[in-house]
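Colleague: As a plain string of letters, each chain reads:
There are 2 protein chains.
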Amino acid sequence: LDYQHVQVPFEITLWIMLASLAKIGFHLYNKLPSVVPESCLLIFVGLIMGGIIYGLNDKSPPVMDSDIFFLYLLPPIVLDAGYFMPSRPFFENIGTILLYAVVGTIWNVFGIGFSLYGICQVKAFRLQDVSLLHNLLFGSLIAAVDPVAVLAVFEEIHVNEKLHILVFGESLLNDAVTVVLYKLFRSFCEMPAIKSVDVFAGVGKFFVVGLGGVLVGLTFGMTAAFTTRFTKDIRVIEPLFVFLYSYLSYLTAEMFHLSGIMAIVACAMGMKRYVEANISLKSHTTVKYFMKMWSSVSETLIFIFLGVSTIGENHEWNWPYICFTLIFCLIWRALGVLVLTFFVNRFHVNTITSKDQFIIAYGGLRGAICFSLVFLLPDFHRKKLFIAATTVVILFTVFVQGMTIRPLVDLLAVKRKRESAPTVGEQIHIRFLDHLLAGIEDISGHWGQYYWKDKLEYFNSKYLQKILLREYDQPKSSIVLLYEKLERKHAIELAEAGQLGHTPSHPSLLNNDRTVITDKKLEDTLNLDVLENIQEILARNLYRIRRTGPAYNRHTLPGETEPMGRAKEILILRHKGL
Amino acid sequence: LDYQHVQVPFEITLWIMLASLAKIGFHLYNKLPSVVPESCLLIFVGLIMGGIIYGLNDKSPPVMDSDIFFLYLLPPIVLDAGYFMPSRPFFENIGTILLYAVVGTIWNVFGIGFSLYGICQVKAFRLQDVSLLHNLLFGSLIAAVDPVAVLAVFEEIHVNEKLHILVFGESLLNDAVTVVLYKLFRSFCEMPAIKSVDVFAGVGKFFVVGLGGVLVGLTFGMTAAFTTRFTKDIRVIEPLFVFLYSYLSYLTAEMFHLSGIMAIVACAMGMKRYVEANISLKSHTTVKYFMKMWSSVSETLIFIFLGVSTIGENHEWNWPYICFTLIFCLIWRALGVLVLTFFVNRFHVNTITSKDQFIIAYGGLRGAICFSLVFLLPDFHRKKLFIAATTVVILFTVFVQGMTIRPLVDLLAVKRKRESAPTVGEQIHIRFLDHLLAGIEDISGHWGQYYWKDKLEYFNSKYLQKILLREYDQPKSSIVLLYEKLERKHAIELAEAGQLGHTPSHPSLLNNDRTVITDKKLEDTLNLDVLENIQEILARNLYRIRRTGPAYNRHTLPGETEPMGRAKEILILRHKGL
Numbered sequence: 001l002d003y004q005h006v007q008v009p010f011e012i013t014l015w016i017m018l019a020s021l022a023k024i025g026f027h028l029y030n031k032l033p034s035v036v037p038e039s040c041l042l043i044f045v046g047l048i049m050g051g052i053i054y055g056l057n058d059k060s061p062p063v064m065d066s067d068i069f070f071l072y073l074l075p076p077i078v079l080d081a082g083y084f085m086p087s088r089p090f091f092e093n094i095g096t097i098l099l100y101a102v103v104g105t106i107w108n109v110f111g112i113g114f115s116l117y118g119i120c121q122v123k124a125f126r127l128q129d130v131s132l133l134h135n136l137l138f139g140s141l142i143a144a145v146d147p148v149a150v151l152a153v154f155e156e157i158h159v160n161e162k163l164h165i166l167v168f169g170e171s172l173l174n175d176a177v178t179v180v181l182y183k184l185f186r187s188f189c190e191m192p193a194i195k196s197v198d199v200f201a202g203v204g205k206f207f208v209v210g211l212g213g214v215l216v217g218l219t220f221g222m223t224a225a226f227t228t229r230f231t232k233d234i235r236v237i238e239p240l241f242v243f244l245y246s247y248l249s250y251l252t253a254e255m256f257h258l259s260g261i262m263a264i265v266a267c268a269m270g271m272k273r274y275v276e277a278n279i280s281l282k283s284h285t286t287v288k289y290f291m292k293m294w295s296s297v298s299e300t301l302i303f304i305f306l307g308v309s310t311i312g313e314n315h316e317w318n319w320p321y322i323c324f325t326l327i328f329c330l331i332w333r334a335l336g337v338l339v340l341t342f343f344v345n346r347f348h349v350n351t352i353t354s355k356d357q358f359i360i361a362y363g364g365l366r367g368a369i370c371f372s373l374v375f376l377l378p379d380f381h382r383k384k385l386f387i388a389a390t391t392v393v394i395l396f397t398v399f400v401q402g403m404t405i406r407p408l409v410d411l412l413a414v415k416r417k418r419e420s421a422p423t424v425g426e427q428i429h430i431r432f433l434d435h436l437l438a439g440i441e442d443i444s445g446h447w448g449q450y451y452w453k454d455k456l457e458y459f460n461s462k463y464l465q466k467i468l469l470r471e472y473d474q475p476k477s478s479i480v481l482l483y484e485k486l487e488r489k490h491a492i493e494l495a496e497a498g499q500l501g502h503t504p505s506h507p508s509l510l511n512n513d514r515t516v517i518t519d520k521k522l523e524d525t526l527n528l529d530v531l532e533n534i535q536e537i538l539a540r541n542l543y544r545i546r547r548t549g550p551a552y553n554r555h556t557l558p559g560e561t562e563p564m565g566r567a568k569e570i571l572i573l574r575h576k577g578l
Numbered sequence: 001l002d003y004q005h006v007q008v009p010f011e012i013t014l015w016i017m018l019a020s021l022a023k024i025g026f027h028l029y030n031k032l033p034s035v036v037p038e039s040c041l042l043i044f045v046g047l048i049m050g051g052i053i054y055g056l057n058d059k060s061p062p063v064m065d066s067d068i069f070f071l072y073l074l075p076p077i078v079l080d081a082g083y084f085m086p087s088r089p090f091f092e093n094i095g096t097i098l099l100y101a102v103v104g105t106i107w108n109v110f111g112i113g114f115s116l117y118g119i120c121q122v123k124a125f126r127l128q129d130v131s132l133l134h135n136l137l138f139g140s141l142i143a144a145v146d147p148v149a150v151l152a153v154f155e156e157i158h159v160n161e162k163l164h165i166l167v168f169g170e171s172l173l174n175d176a177v178t179v180v181l182y183k184l185f186r187s188f189c190e191m192p193a194i195k196s197v198d199v200f201a202g203v204g205k206f207f208v209v210g211l212g213g214v215l216v217g218l219t220f221g222m223t224a225a226f227t228t229r230f231t232k233d234i235r236v237i238e239p240l241f242v243f244l245y246s247y248l249s250y251l252t253a254e255m256f257h258l259s260g261i262m263a264i265v266a267c268a269m270g271m272k273r274y275v276e277a278n279i280s281l282k283s284h285t286t287v288k289y290f291m292k293m294w295s296s297v298s299e300t301l302i303f304i305f306l307g308v309s310t311i312g313e314n315h316e317w318n319w320p321y322i323c324f325t326l327i328f329c330l331i332w333r334a335l336g337v338l339v340l341t342f343f344v345n346r347f348h349v350n351t352i353t354s355k356d357q358f359i360i361a362y363g364g365l366r367g368a369i370c371f372s373l374v375f376l377l378p379d380f381h382r383k384k385l386f387i388a389a390t391t392v393v394i395l396f397t398v399f400v401q402g403m404t405i406r407p408l409v410d411l412l413a414v415k416r417k418r419e420s421a422p423t424v425g426e427q428i429h430i431r432f433l434d435h436l437l438a439g440i441e442d443i444s445g446h447w448g449q450y451y452w453k454d455k456l457e458y459f460n461s462k463y464l465q466k467i468l469l470r471e472y473d474q475p476k477s478s479i480v481l482l483y484e485k486l487e488r489k490h491a492i493e494l495a496e497a498g499q500l501g502h503t504p505s506h507p508s509l510l511n512n513d514r515t516v517i518t519d520k521k522l523e524d525t526l527n528l529d530v531l532e533n534i535q536e537i538l539a540r541n542l543y544r545i546r547r548t549g550p551a552y553n554r555h556t557l558p559g560e561t562e563p564m565g566r567a568k569e570i571l572i573l574r575h576k577g578l
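Chains A and B are the protein sequences, given in the same order.
At position 120 of the first sequence the residue is numbered 120 (UniProt numbering), and the sequence of numbers has no breaks.
At position 218 of the second sequence the residue is numbered 218 (UniProt numbering), and the sequence of numbers has no breaks.
It should be emphasised that the hints constitute simulated quantities derived from the structure, not laboratory data.
Keep in mind that the hints are not guaranteed to be accurate.
Copies of one chain are not kept apart here, so a pair can be met inside one copy or by any two copies together.
Listed next, the in silico DMTMM-like pairs over lysine to aspartate or glutamate satisfying Cα-Cα at most 25 Å (straight line) [said to hold, decoys possible]:
#: 1; residue 1: Lys31; residue 2: Asp233
#: 2; residue 1: Lys162; residue 2: Glu426
#: 3; residue 1: Lys282; residue 2: Asp233
#: 4; residue 1: Lys232; residue 2: Glu155
#: 5; residue 1: Lys288; residue 2: Glu276
#: 6; residue 1: Lys383; residue 2: Glu457
#: 7; residue 1: Lys31; residue 2: Glu471
#: 8; residue 1: Lys384; residue 2: Glu190
#: 9; residue 1: Lys282; residue 2: Glu484
#: 10; residue 1: Lys288; residue 2: Glu493
#: 11; residue 1: Lys288; residue 2: Glu156
#: 12; residue 1: Lys485; residue 2: Asp233
#: 13; residue 1: Lys462; residue 2: Asp434
#: 14; residue 1: Lys489; residue 2: Glu471
Fair warning: this is a prediction, and the values are worked out from it, not measured in the lab.
Based on the provided sequences and hints, a complete structural model is requested.
Modeller: If you want it as structure tokens, here you go:
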């Protein structure tokens, strides 16, 4: 027996296996996951595992290594989150999200830090040795909402898209603020004296860290898109580039002390559109599937490790400090959301309701990022107290808030996510309205969201697509891609039901010169390709609707409509489309 | 800048990126890969990289770590090889393969070892200090044909299936022999005296190592299949189990000093059938794609590292020893193939031609396994000579033999692989003949291949499928799966060509009691499910053939055949099938 030799890969594989089996186990009993979120169950498994290890070895089980967390477990989750980010609601609400992420996080950090310092002044609690700086440092790590925890809970409760993107976007974008404040306070702790110039440098640093991360991410994303232009002959390694470039962007950003999370999100969002157009359908399935799989495993491991690491002798218990931390976390977040939303609602037509505000405040879960940051603190005599307080806050938010948020959403009747995807017709109207609004903004001289979106789209089709796409001759709009996807799915369903039969195959036989009335002005605003695509879709889609629900006609029997006449029409329309 | 922090993942990612980009680079210029095998190009890139590192640092570049090779780079390639192993030709030729792998390898080891010892006795060569045991040890590592090198070259030259499986199967199955002999001679080198009991123990060990590996692999494979029974609700982690269990089987086998390669091949071949039936279509695509991708990257890295490791000061040059090693490798392999094939041909109707024999002997490429084994040798004063000789043999076989084998195959007009997959009709006949032959063997009391295959199939459908498959009610034979796959592909093609039209949708409208004449005896031999499936396929397939090539009829115009009458027929046939 030579265990030493294979120990590292063997143990890693076993941990992943345990995590996956635990996941299967929960789903075997159907009722459990609908009541308790998976994250709670996984932490629970981790607690049991930790208890067993503690009982057997009589020493604390190994703590989740912060390096392993930040270098190996976090990136897959953030990559998945960024890649599948619904970009439309994200950019529509980017202002609000940034406000919550930047101002809200700073508000929470200072709020929690200063009020905890106030608590420390009470002599009865015996906490006078915790300085203001240490309290602020602690505030900076406990204030940030955790994307992993938020994702795990919000994916199960299906609130409406806007609410989801507000909470989730905030949890992703607050990384830059957290990184800067955490590092700032940590370096202040080690400095003998703090000058005001250091404070200003800190403010400047925030922009460098955030925007730098985005820049690094976009650079790698564009390179990835460019690389996939040349993979036509070796389809098999296409998925690899998506993962390699995203990971490199994360590591590069971390190397320069920029925000790795912002980098990987920017990289994923930037490359998605071009990569999807370049790579083959199977490669794309692999990318999507593997990303989901990887992030799911990472998440599982994080929650299990979180449970395991909780057990042990790392904690110093101080009732007042821990209780007040919890209370201040809740109060300051609620206040922050209320105040910020008040300003947001003054400038928007589509306001955030008070129910939504409650869910945003209540959904501010803390998770593994806080936990890793608190272990990364330099050693000082109250570190164990901070660890205990962090653990309590995480467990409280994940267990109590995570488990009650679903009933609360039901109780408050918060607007849910619509069940079905938008129809092709709706998508066309959305796109049309975008063009219209861009035009209106252009005429009125107001440089709003739509104006910039239009400019970006123009830049994209004029320059980026030519460089990054392999087959630029046939640029496909997202609607056409969606349509193709639906058509393909429909075909597979038909094939599986064994109903694939005789199909019309000679569209060239019937030539007809019927003209389609097109609005000349519309044609000028929309670019020609989009117009063509829309025509094609309408032609096919109208036919489909008519076919699936034929009008009642007392001269024909049901199921005996005239296929020839209709086929003729379709062929004419299709011919027009080509 | 904090490079230390991210160094390990950053450098690994960069190496993989380099390997992938090199692959893309080769394929950009189309002519190159058709002349020079990719493996040669990659070694060449490695040599250049090594030269650059050597030139810049003025010290030997890092050598490929044997642990990294055996624990991380080799398993993906072997898993891929085992999972996509064409099981029919493999089991049809298992006897010949085992003969080549076991007897052939032993023949080569002792042949090369003893003749090199003879060379060492020539005083002029100044090699008297190399003992017989060291020569045999060297023989044991240099004799084994390398699966990675064989795969890389043979996948490009497309020889016929039997020839391919003979060379490739040998390279996989000789692992057990190599492991045993290598470890045996290594322990003999360190022993003061060798007793005859040790030699007998060595012979016994071979069976333990080989069969033990297979047993470990099958156990994990069955567990994997059983696990995928329960993944219906969490499709996203299904692919993970295929990888986790295979890797665990490899690590477990290595831990107990069994043959890891045999274990992972057995695991992959054992689980494939059941896992494919249990997991979703998308999971399956992901598994296949990711396996190919991973093995492709591993292979690329191995060849690049092989090139890098060649550069440096690890070599001791001794012309006679190195030249004679190369010559003996070639001669003993050729002799071995000739002698063994002579015996094989005496017992088989379907003989191995002399052209095939030449390609088998010539295709005995050495690769990274020899290279890693020679670095794993205990330190002794002639180790550098062995390293040099191994490097020369590998480079010679990969470059000279690898590059000339394609022209030679063309020149000798070796039978190529058939281009198209067997038709459904052929597959039905093959299956039918299997049943027939099993019956004949049963009656004549001859326990041949078909008898055992039939028994295994019976055991499979009686016990294994019930335990391992999720939906046992609808066991699908491989033909039905193939048919479904073809149908789905056809549907996608139609959808992509935009020809998916009106399909008949009311099979229940037309009931007809036409009877199908079935041979009662045939029904007894075939099991009922298979018969039903075959009927269904015939029904659909006959229709398809008739549809695609309608008979000429002077009363109808082309493209104007009677769809209604035919549709009626199809519906009747389909109704029968259901």
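Colleague: Next step is simple, just say for each hint if it's right about the structure.
Modeller: Evaluation of the provided hints:
For the homomeric pair Lys31 and Asp233, the shortest alpha-carbon distance between copies (13 Å) is at most 25 Å, but the shortest distance inside one copy (48 Å) is not. In the homo-oligomer, the alpha carbons of Lys162 and Glu426 lie at most 25 Å apart inside one protomer (18 Å), although the nearest pairing across protomers, at 57 Å, exceeds that limit. In the homo-oligomer, the alpha carbons of Lys282 and Asp233 lie at most 25 Å apart both inside one protomer (14 Å) and across protomers (23 Å), since each shortest distance falls under that limit. In this homomeric assembly, Lys232 and Glu155 come within 25 Å of each other (Cα to Cα) only across copies, at 19 Å, whereas the closest approach inside a single copy is 35 Å.
For the homomeric pair Lys288 and Glu276, the shortest alpha-carbon distances inside one copy (10 Å) and between copies (20 Å) are both at most 25 Å. Taking CA atoms no more than 25 Å apart as the test, Lys383 paired with Glu457 passes in neither setting, with 51 Å inside one copy and 64 Å between copies. Only between protomers do Lys31 and Glu471 lie at most 25 Å apart by alpha-carbon distance; the minimum there is 22 Å, versus 49 Å within a single protomer. Taking the shortest Cα distances, Lys384 and Glu190 sit within 25 Å of each other inside one copy (19 Å), while across copies they are farther apart (53 Å).
Taking the shortest alpha-carbon separations for Lys282 and Glu484, both the intra-copy value of 15 Å and the inter-copy value of 18 Å come in at or below 25 Å. Both within a single protomer and between protomers do Lys288 and Glu493 lie at most 25 Å apart by alpha-carbon distance, with minima of 21 Å and 22 Å respectively. Only within a single protomer do Lys288 and Glu156 lie at most 25 Å apart by alpha-carbon distance; the minimum there is 19 Å, versus 30 Å between protomers. Proximity of Lys485 and Asp233 under a CA criterion of 25 Å is satisfied in both settings, with 24 Å inside one chain copy and 24 Å between copies.
Only within a single protomer do Lys462 and Asp434 lie at most 25 Å apart by alpha-carbon distance; the minimum there is 19 Å, versus 62 Å between protomers. Taking identical chains as interchangeable, the C-alpha atoms of Lys489 and Glu471 lie at most 25 Å apart whether they share a chain (24 Å) or sit on different chains (23 Å).
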